[in-house]
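Fit chain W to the given chain E structure using the hints.
Number of protein chains: 2
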Amino acid sequence: MASRRTIVVLGGALAGPAAAARARETDERARILLLERAGSVSYAVAGLACRLSGEVASAADLDSRKAAYFRDLYDVEVRTGVEVTRIDPRRRTVTAGGRAIPFDALIFAGGVGTVFPAGLAEGPGVHAFRNLADLHAVEAGLRTARRPAVVGGGPFGIEAADALARRGASAVLVERAPRLLPSWARAAAAAAERGLRAAGVEVLTGAGVAGVERRKGHVESLLLDDGRRVPCDLVIVTAGVAPRTALLAAAGARLLPSGAVRVDDRCRTSLPGVFACGTCIAPLHAVSGRPAWLPQAAIADRSAQVAGSAAAGGGERLGTVLGTVLLRAGAATVARTGVLPVEAHGALVTRVHGPSRDPFLPGAEPIHLVIRHDPRSGRLLAADAWGVAGVDKRIDVLATAMAGGLSVEDLARLDLGYSPPFATARDPVNVAGAVAAAVRAGLASSLSPAEVNARSGSLALYDLRTPAERREARIAGSRPVTLAALRADPGSLGVPRGRIPVFVSRHGKRGYLAVRIARARGFPRAAFLAGGIASWRAEGLPVEGRKP
Amino acid sequence: MASRRTIVVLGGALAGPAAAARARETDERARILLLERAGSVSYAVAGLACRLSGEVASAADLDSRKAAYFRDLYDVEVRTGVEVTRIDPRRRTVTAGGRAIPFDALIFAGGVGTVFPAGLAEGPGVHAFRNLADLHAVEAGLRTARRPAVVGGGPFGIEAADALARRGASAVLVERAPRLLPSWARAAAAAAERGLRAAGVEVLTGAGVAGVERRKGHVESLLLDDGRRVPCDLVIVTAGVAPRTALLAAAGARLLPSGAVRVDDRCRTSLPGVFACGTCIAPLHAVSGRPAWLPQAAIADRSAQVAGSAAAGGGERLGTVLGTVLLRAGAATVARTGVLPVEAHGALVTRVHGPSRDPFLPGAEPIHLVIRHDPRSGRLLAADAWGVAGVDKRIDVLATAMAGGLSVEDLARLDLGYSPPFATARDPVNVAGAVAAAVRAGLASSLSPAEVNARSGSLALYDLRTPAERREARIAGSRPVTLAALRADPGSLGVPRGRIPVFVSRHGKRGYLAVRIARARGFPRAAFLAGGIASWRAEGLPVEGRKP
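Residue numbers (our numbering), protein chains in the order written: chain E, 1 to 548; chain W, 549 to 1096.
Wrong hints could be hidden among the right ones.
Stated by the list, open to error - Incomplete in silico selection of chain E near chain W, CB under 8 Å: (1) Glu55; (2) Asp225; (3) Asp301; (4) Gly319.
What the hints assert, rightly or not - Here are the in silico distance ranges between beta carbons for each label pair: (5) W:His684 to E:Arg497: 52 to 58 Å; (6) E:Arg266 to W:Gly911: 48 to 54 Å; (7) E:Ala60 to W:Gly911: 48 to 54 Å; (8) E:Pro178 to W:Asp812: 49 to 55 Å; (9) E:Ala57 to W:Ser1004: 56 to 62 Å; (10) W:Arg1047 to E:Arg290: 52 to 58 Å; (11) E:Ala476 to W:Gly645: 36 to 42 Å; (12) W:Arg627 to E:Pro178: 41 to 47 Å; (13) E:Ala468 to W:Ser806: 48 to 54 Å; (14) E:Asp265 to W:Ser1004: 29 to 35 Å; (15) E:Ala476 to W:Gly953: 44 to 50 Å; (16) W:Gly1039 to E:Val388: 56 to 62 Å; (17) W:Asp812 to E:Ala57: 54 to 60 Å.
Stated by the list, open to error - Some residues of chain W that are not near chain E, with every Cβ distance over 10 Å (derived): (18) Asp623; (19) Arg694; (20) Ala738; (21) Pro820; (22) Arg865; (23) Leu874.
Keep in mind that the hints were calculated from the coordinates and are not lab data. Glycine is no exception: its CB is placed at the ideal position from the N, C-alpha and C atoms.
Pulled out of the complex, with its shape left as it was, chain E reads as follows:
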């Protein structure tokens, strides 16, 4: 028993307990000690919004694994309400309440903390939303609040606003940037915004918060930095999070500029004997190959297993991450995976729209996909998906395809499960791959909605849709045309000299076909609007026509 190692885990919530459990599975003899500042050991951060929405009957359901569970199942000593003030990597001790606790291996799972924008501070009626204490405070406030505000239009803010809408509250979501999810693809972000608005959330973008105004101690409004006021009586702040890594920094660990801990493939930090896991670390991104700080539960859980294994002498490896995110925004589901659009330099972008299941069945809903691939290798780099049904499946397939290094040609051929209630024989994922492969093979050129919008002076737009569809909504300056007319008399297009004909269809399919026809008839530079009018509208670009 002399050689029994002591593993100390810092941090509860998701990662710390998962790391402790995996350490036990790896080394049955070790002494394992879990220290957590708060009163609860293990709780689901991602579940907070589900409790706020009323979908989870009781907050206790989020807090189901008590200290006794970890003691009985994993023989882990759990101490809650313990604040560690120092890590001494040389002596291999942590200090808590003035006492030094020795370790052979330390697993740091500090998580992230909410960053309050300048002018906002935690206080009466102004709350973070990261743990059970925050949840209790917000729920108490909602007993009287009529108009809750959420500050921050990233994933956490959207989840909170969505939850408030589900609860029936009349919420307002405030985001500093010109749009929600500012680092995401524009169309996916727009889908989230439409979803929230349709669910009754007021969405204010381009609205930086300067402060909060109170009356008799009660929140009365948010003050924006342009002087506007947003009436509200409760504020949930989700504007940003930062890794809680001050203890590691003080001990001399190497951090990234974001404050996230750089770890190797075994979750080792730069300090000997000190491992890190959870939302405070930056694993390598599968596509970019660079450290990526992605504070997400699934990555936290995975890294916890690696850190727990490694700290106990096991061999698990962290591998890479993709940054897959899946969100509800009202009736919409919005998701992404892979590098961010700004990181996908030179990527070719494909836009498709297809049904979630066989359209001959009721309940088929459109799935919208934007995929980015490397034009040289054809490899998938990123994907966005949104819709009402089946979005979670498509983003997982695309993430898995990316993990396997699949090309768009592989995607076109992917042998997915087909049964009419669940999919079409040619899934939207297959279609996205096929369209991307066709463009890559040089069969047709496409222009993105933004390109068509920006270059309209050098283009001639031809609309292949029906007169009824054109009456409903059309791009200014576009002219009607049919495939039959195009085949019979391409000269009838009357393309002005120097302009490139661009074919507009509902989803891009007929546009593609029109390009094939036009190319064979003397228009080698013809292109189609990628994703058709559906993508144009998804990007929020203007149309003429009847009001919807």
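Frame of chain E; chain W shown alone:
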């Protein structure tokens, strides 16, 4: 115009029209001619069951793309009601109605035909179920039939029986083999059977059909080959299909023993200028590397695109297939991908059970997974999945993982979309990978339910579940034990000399942990029941205890 090529496509339904469309997208100048025996050009075979169930309002919804669609959109000449009697590859002609039609390229999409078991023939009250004419005949019969029978317990038979149950009919499903889906994993097949029974279908296995008995011209019963009679008044035969490739065979094309056409990566047959696609071909299997005849709509559609492209001079490639199948059986969804169990020689098998979404939300349903991997490389070879919700997503992720050549370690790390309404932070797919990786790394040994059942004389079973769970259902001869007792006094197990202790838990997780504890305490050969009692019961193995 002298060099304009003529592409003739033989066969409607799904593959022929898809091939014609892709040929047009590839060569805008070609003359494209589609010949189909039946009266409809394009219809969804997979949709027949959805119409039978009543979910599709009208059979016309399955037949939405008429000849006019292909003419207007794709400039394809469609001729229905045309029976081709001969292919002459030397002269490059097909013969129909005594006239020779010349081609430069021929795309053969003959599909499959129903094979009636000896003693059964198509006739009044006895119908195949492959096309719209069959559907109309069955629907006419169901106006008076009280007791429809489905002959054949493969995927098509299960879909038909499921559809009859959804329609409210009191159906009986008859299968010659000792179980449904005889080539599938036993537990997945059992799930399909349970699903159908719960939906009110009577399932008779080990029941070979010898004939049909009629009274006054009306079907009265099926006669089984053991002399039993199954009362019924309508018979749907789905017992088998065979490629309709007689025309190709007569022309000298190379076929497989199954009658399926061997094609290369461009869907070329052994006859010059003759391509084949659809359910009659045998592409290469991604895992086995051998030709696999898998008559499925998604593969048919994919090969049609390749044949259409290739026949028109394009460069698409077929790649490999996985044989992904997805089925409803009452409330259950049952799915598989990869090689069949008999083809997965030497594979390690992992069984896990996890929730479809976060269990703190209502509506979380168990997902059951069986994955097979190569013990040397760790690569995934096959997967079965069943459950009530989210099965389609998991099988698609597993299929995509297989297409990317992922190992079980990769699967454990897969960065899937996590949001409580759609998944858990550690998805069952991740868990399956992690358990397989742990066994592969030698951290613990597992025994399958069948192995535990067969070797019970050399094992000592210890049950880690609660007394209440044991009262409900337990394996005969198993003894209760707790992890705490195992840790405190492993001698108290009292393992009989020469026996291997095997730990039984609910889903396998605690069993795994018990093996880790036991190994550290002098039981190096300890093992756990893979998938726990849940897998034991999923395989239909006997338990003692209270009746459910």
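Hints versus structure:
{"no.": "1", "hint": "Glu55", "verdict": "holds, 6 Å"}
{"no.": "2", "hint": "Asp225", "verdict": "violated, 32 Å"}
{"no.": "3", "hint": "Asp301", "verdict": "holds, 5 Å"}
{"no.": "4", "hint": "Gly319", "verdict": "holds, 4 Å"}
{"no.": "5", "hint": "W:His684 to E:Arg497: 52 to 58 Å", "verdict": "holds, 57 Å"}
{"no.": "6", "hint": "E:Arg266 to W:Gly911: 48 to 54 Å", "verdict": "violated, 38 Å"}
{"no.": "7", "hint": "E:Ala60 to W:Gly911: 48 to 54 Å", "verdict": "violated, 19 Å"}
{"no.": "8", "hint": "E:Pro178 to W:Asp812: 49 to 55 Å", "verdict": "holds, 53 Å"}
{"no.": "9", "hint": "E:Ala57 to W:Ser1004: 56 to 62 Å", "verdict": "violated, 42 Å"}
{"no.": "10", "hint": "W:Arg1047 to E:Arg290: 52 to 58 Å", "verdict": "holds, 54 Å"}
{"no.": "11", "hint": "E:Ala476 to W:Gly645: 36 to 42 Å", "verdict": "violated, 53 Å"}
{"no.": "12", "hint": "W:Arg627 to E:Pro178: 41 to 47 Å", "verdict": "violated, 57 Å"}
{"no.": "13", "hint": "E:Ala468 to W:Ser806: 48 to 54 Å", "verdict": "holds, 49 Å"}
{"no.": "14", "hint": "E:Asp265 to W:Ser1004: 29 to 35 Å", "verdict": "violated, 42 Å"}
{"no.": "15", "hint": "E:Ala476 to W:Gly953: 44 to 50 Å", "verdict": "holds, 49 Å"}
{"no.": "16", "hint": "W:Gly1039 to E:Val388: 56 to 62 Å", "verdict": "holds, 59 Å"}
{"no.": "17", "hint": "W:Asp812 to E:Ala57: 54 to 60 Å", "verdict": "holds, 59 Å"}
{"no.": "18", "hint": "Asp623", "verdict": "violated, 6 Å"}
{"no.": "19", "hint": "Arg694", "verdict": "holds, 27 Å"}
{"no.": "20", "hint": "Ala738", "verdict": "holds, 19 Å"}
{"no.": "21", "hint": "Pro820", "verdict": "holds, 25 Å"}
{"no.": "22", "hint": "Arg865", "verdict": "violated, 7 Å"}
{"no.": "23", "hint": "Leu874", "verdict": "violated, 3 Å"}
Of the numbered hints given earlier, the model fails hints 2, 6, 7, 9, 11, 12, 14, 18, 22 and 23; all others are met.
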